[in-house]
Each structure stands twice: as C-alpha cells, then as structure tokens.
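Respectively, the protein sequence lines represent chains L and V.
Per my numbering, residue 1 is the first one in the first sequence, and the count goes up by one each step.
Per my numbering, residue 1001 is the first one in the second sequence, and the count goes up by one each step.
Hint data in this document are derived by calculation from the structure and do not stem from the laboratory.
In this text, a Cβ means the ideal position worked out from N, Cα and C, and glycines have one as well.
Hints are not guaranteed to be accurate.
Claimed, not checked - Heads up, simulated EDC-like pairs for lysine to aspartate or glutamate below, C-alpha to C-alpha not over 20 angstroms straight-line:
(1) V:K1091 x V:E1036
(2) V:K1069 x V:E1103
(3) V:K1067 x V:E1039
(4) L:K55 x L:E44
(5) V:K1015 x L:E29
(6) V:K1034 x V:E1089
(7) V:K1057 x L:E104
(8) L:K93 x L:E17
(9) V:K1041 x L:E104
(10) V:K1002 x V:E1103
(11) V:K1057 x L:E17
(12) V:K1078 x V:E1106
(13) V:K1034 x L:E48
(14) V:K1057 x L:E44
(15) V:K1061 x V:D1012
(16) L:K76 x V:E1089
(17) V:K1061 x L:E25
(18) L:K103 x V:D1012
(19) V:K1006 x V:D1030
(20) L:K76 x V:E1103
(21) V:K1027 x L:E29
(22) V:K1006 x L:E17
(23) L:K117 x L:E104
(24) V:K1015 x L:D16
To be verified - Output of the computed footprint for chain L on chain V, the stretches with three or more beta carbons under 8 angstroms from beta carbons of chain L:
(25) 1012-1022
(26) 1035-1045
(27) 1061-1073
(28) 1095-1106
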Amino acid sequence: MNTKSNNMEHIKQAFDELFNNRTQEQELESDAKLIMFRFLDIVERKREKLGWSRKELAKRVGTSASYITQLMRGDKLINMLTLAKMQRALSIKFDISELVSYKEQTEDKKPPIPDGKGFWIYKKIENPNYNEKGNIPKVKPTEGEAA
Amino acid sequence: MKRQAKIIRSSDDGKRHIAIDGVNYQKILDFIFKDERHENKFIDVCNIILTGLRNPKLYDKENINAKCKNVTAMKFFKGQENARIYCQEVKQRGKIFVVVAAELLERKKIKRINRKK
Chain L
1 MNTKSNNMEH
11 IKQAFDELFN
21 NRTQEQELES
31 DAKLIMFRFL
41 DIVERKREKL
51 GWSRKELAKR
61 VGTSASYITQ
71 LMRGDKLINM
81 LTLAKMQRAL
91 SIKFDISELV
101 SYKEQTEDKK
111 PPIPDGKGFW
121 IYKKIENPNY
131 NEKGNIPKVK
141 PTEGEAA
Chain V
1001 MKRQAKIIRS
1011 SDDGKRHIAI
1021 DGVNYQKILD
1031 FIFKDERHEN
1041 KFIDVCNIIL
1051 TGLRNPKLYD
1061 KENINAKCKN
1071 VTAMKFFKGQ
1081 ENARIYCQEV
1091 KQRGKIFVVV
1101 AAELLERKKI
1111 KRINRKK
C-alpha cells in the first residue's frame, strides 16, 4: 500500500521537475511553438472543411507538404510570410486577441453567500468611501454559529 | 479492471488534465526522460492537449477497431522512430477531461502493405 502511494508521488515529483526546471530559453521555445500551433489549429480545421489534402494546401501556399508536416510536428517554426500565404489560400483572417488567464478572470470574484432570502455577491472595491452609508446585508448565521 | 493513474499536469482552468497510468508508469517515465529531445516533444504534446488544440501529427484518435473506444495516441517522431504513448480519454462529472497515458509502443511499424501486387 505504502509502496504504491510512494510510486504515485514519485511520478508527480518527476514530472513537476520536468515542467518546472526548464531554462528560460526552453520555455520561450515552447511558447513560440504553442503560438504556432494555435494558428495551425485554425489552418487544419479549415483545410479539413474544404476537403483539401495537406499536399493540396502546400501547393496553394507555394510550399511543400513535408514543410507543412514539419510545422505541424513542431520541428520548425513558421514564418509570417507563410502564415500570410495560408491566410490567403484558405480565404480566412486570423484574429489576434489577448488570452486572459483563468486566475485573472476569477481573482476579483467571491463565492455567493446565501442569507435565506437570496444570494449576495461581494465585489472588491479598490478605494472604498467609508463615509458613505450603505445597506449592509445581514448574513443568516449557520447552526454552529447561532449556538 | 480499474487502474489507478496520477495526474501530472492540469490546464489553468482545471478542466483538462494529463495523467500517467499507475501500472505502466515506469516504462513511460523511462521513455519520456530518455533525453531532452523526448522531454521537449512530450511537453509540446501536453501543451496541445491542455489547450484543446487540434494537431493530428502530435495527438490524435486511434480508430484501430470497434473495441477501442476513446483511445488516442501521443505521437513521437513520426517518420523516424514513430513511438507512441497510447492514451484513454476519460470524462469526469460531465466536463472534466482527463487523458491517461497508459501504454508505450517504442516503434510503430506499418503492418499492411498498401501497394498492389
């Protein structure tokens, strides 16, 4: 039993080391590939929708099928000119937006608190005015607190 | 038979996870940690899975026959060693998505001859 749980911990520890002990250069390379994979995800979906083979796409983009395969595998990084050619060949427009992390999306939000009549959601106020009087809701005490 | 697996990586929103099978973990670990080339490829595949991107050259469904349901493969160095880690996609509580890396195949060879005699 103990050996089994030790083994499971060993797995987690080994992968934590793999993901967390990377050099900045390695992390940047992974980030660059992930940006490329985001573009290629759109390219791949559109190519399938059009019923084109990778060879057909390569022909229309003016490159080779093996180059597109190398990009898909992450063996090479795409250049902007190829990306523009793909955009034109597939008649699409890439839309760029900032991805807001899950932490950023949720850090200001507090869990709703029930008072018996409904739910109160509290919002963080950066510069509160303490002189302003407001209606402060009464939270219904739970059984443990009431005792 | 139920098998245990250990979650080793999760997406930022906690909706996607990658786990390693508790039975075959040593083989899989030895393969991934063989060298930097293998480690980097594994990280690329994990990033693809955790962000939900489509990339059949690195990770795709394996429709071998009707018996294998939700079986996928992490593809390492296609065109060279063509190693694969076969995975099972599991959905928990409707939305939580876990990919369990379960079986290692160090060299995948084509069994059928496609050319006509």
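These are the hints, each one checked on the structure:
With a CA separation close to 31 angstroms, the supplied pair K1091 (chain V) and E1036 (chain V) exceeds the 20 angstroms bound. Between K1069 (chain V) and E1103 (chain V), the direct Cα distance comes to roughly 15 angstroms. Compliance with the 20 angstroms bound is thereby established for this hinted pair. Proposed proximity of K1067 (chain V) and E1039 (chain V) is contradicted: the alpha carbons are some 31 angstroms apart, above 20 angstroms. A C-alpha spacing of about 12 angstroms is found between K55 (chain L) and E44 (chain L), which places the hinted pair at or below 20 angstroms, so the restraint holds.
The suggested pairing of K1015 (chain V) with E29 (chain L) is violated, with an alpha-carbon distance near 25 angstroms, which exceeds 20 angstroms. The suggested pairing of K1034 (chain V) with E1089 (chain V) is violated, with an alpha-carbon distance near 25 angstroms, which exceeds 20 angstroms. With a CA separation close to 32 angstroms, the supplied pair K1057 (chain V) and E104 (chain L) exceeds the 20 angstroms bound. At roughly 39 angstroms between alpha-carbon atoms, K93 (chain L) and E17 (chain L) are farther apart than 20 angstroms, so this suggested pair is violated.
Of the supplied pair hints, the one linking K1041 (chain V) and E104 (chain L) is violated, its CA atoms being roughly 29 angstroms apart against a limit of 20 angstroms. Only pairs whose Cα atoms come within 20 angstroms are accepted, and K1002 (chain V) paired with E1103 (chain V) is accepted, the gap being roughly 15 angstroms. Our distance criterion of 20 angstroms between C-alpha atoms is broken by K1057 (chain V) and E17 (chain L), whose separation comes to about 26 angstroms. Taking the CA atoms of K1078 (chain V) and E1106 (chain V), the gap is near 11 angstroms; set against the 20 angstroms cutoff, the hint holds.
A C-alpha spacing of about 35 angstroms is found between K1034 (chain V) and E48 (chain L), which places the hinted pair above 20 angstroms, so the restraint is violated. Proposed proximity of K1057 (chain V) and E44 (chain L) is supported: the alpha carbons are some 11 angstroms apart, at most 20 angstroms. Using a Cα cut-off of 20 angstroms, the hinted pair K1061 (chain V) and D1012 (chain V) is violated, with the two alpha carbons roughly 24 angstroms apart. For the hint pairing K76 (chain L) with E1089 (chain V), the CA-to-CA distance comes to about 29 angstroms; that exceeds 20 angstroms, so the pair is violated.
Note on K1061 (chain V) and E25 (chain L): the hinted pairing is violated, with a Cα-Cα distance of about 32 angstroms set against a maximum of 20 angstroms. In summary, the hint linking K103 (chain L) to D1012 (chain V) is supported, as the alpha carbons are separated by about 8 angstroms, within the 20 angstroms threshold. A threshold of 20 angstroms between alpha carbons decides the hint, and for K1006 (chain V) with D1030 (chain V) the separation of about 16 angstroms falls inside it, so the pair holds. Distance check on the hinted pair: K76 (chain L) and E1103 (chain V) sit about 28 angstroms apart at the alpha-carbon level, beyond 20 angstroms; violated.
Note on K1027 (chain V) and E29 (chain L): the hinted pairing is violated, with a Cα-Cα distance of about 27 angstroms set against a maximum of 20 angstroms. For the given pair, K1006 (chain V) sits about 15 angstroms from E17 (chain L) by alpha-carbon distance, which is consistent with the 20 angstroms threshold. Using a Cα cut-off of 20 angstroms, the hinted pair K117 (chain L) and E104 (chain L) is violated, with the two alpha carbons roughly 31 angstroms apart. Proximity of K1015 (chain V) to D16 (chain L) is assessed by CA-CA distance (about 19 angstroms); at most 20 angstroms being required, the pair is judged to hold.
With a cut-off of 8 angstroms between beta carbons, the segment 1012-1022 of chain V has 5 residues touching chain L; three or more are needed, and the interface restraint holds. Counting residues of the segment 1035-1045 of chain V whose beta-carbon sits less than 8 angstroms from any beta-carbon of chain L gives 6, enough to reach three: the coverage restraint holds. Counting residues of the segment 1061-1073 of chain V whose CB lies closer than 8 angstroms to any CB of chain L gives 0, which falls below the minimum of 3, so the coverage claim is violated. Here the segment 1095-1106 of chain V counts 0 residues with a CB under 8 angstroms from a CB of chain L, which misses the bar of 3, and the coverage is violated.
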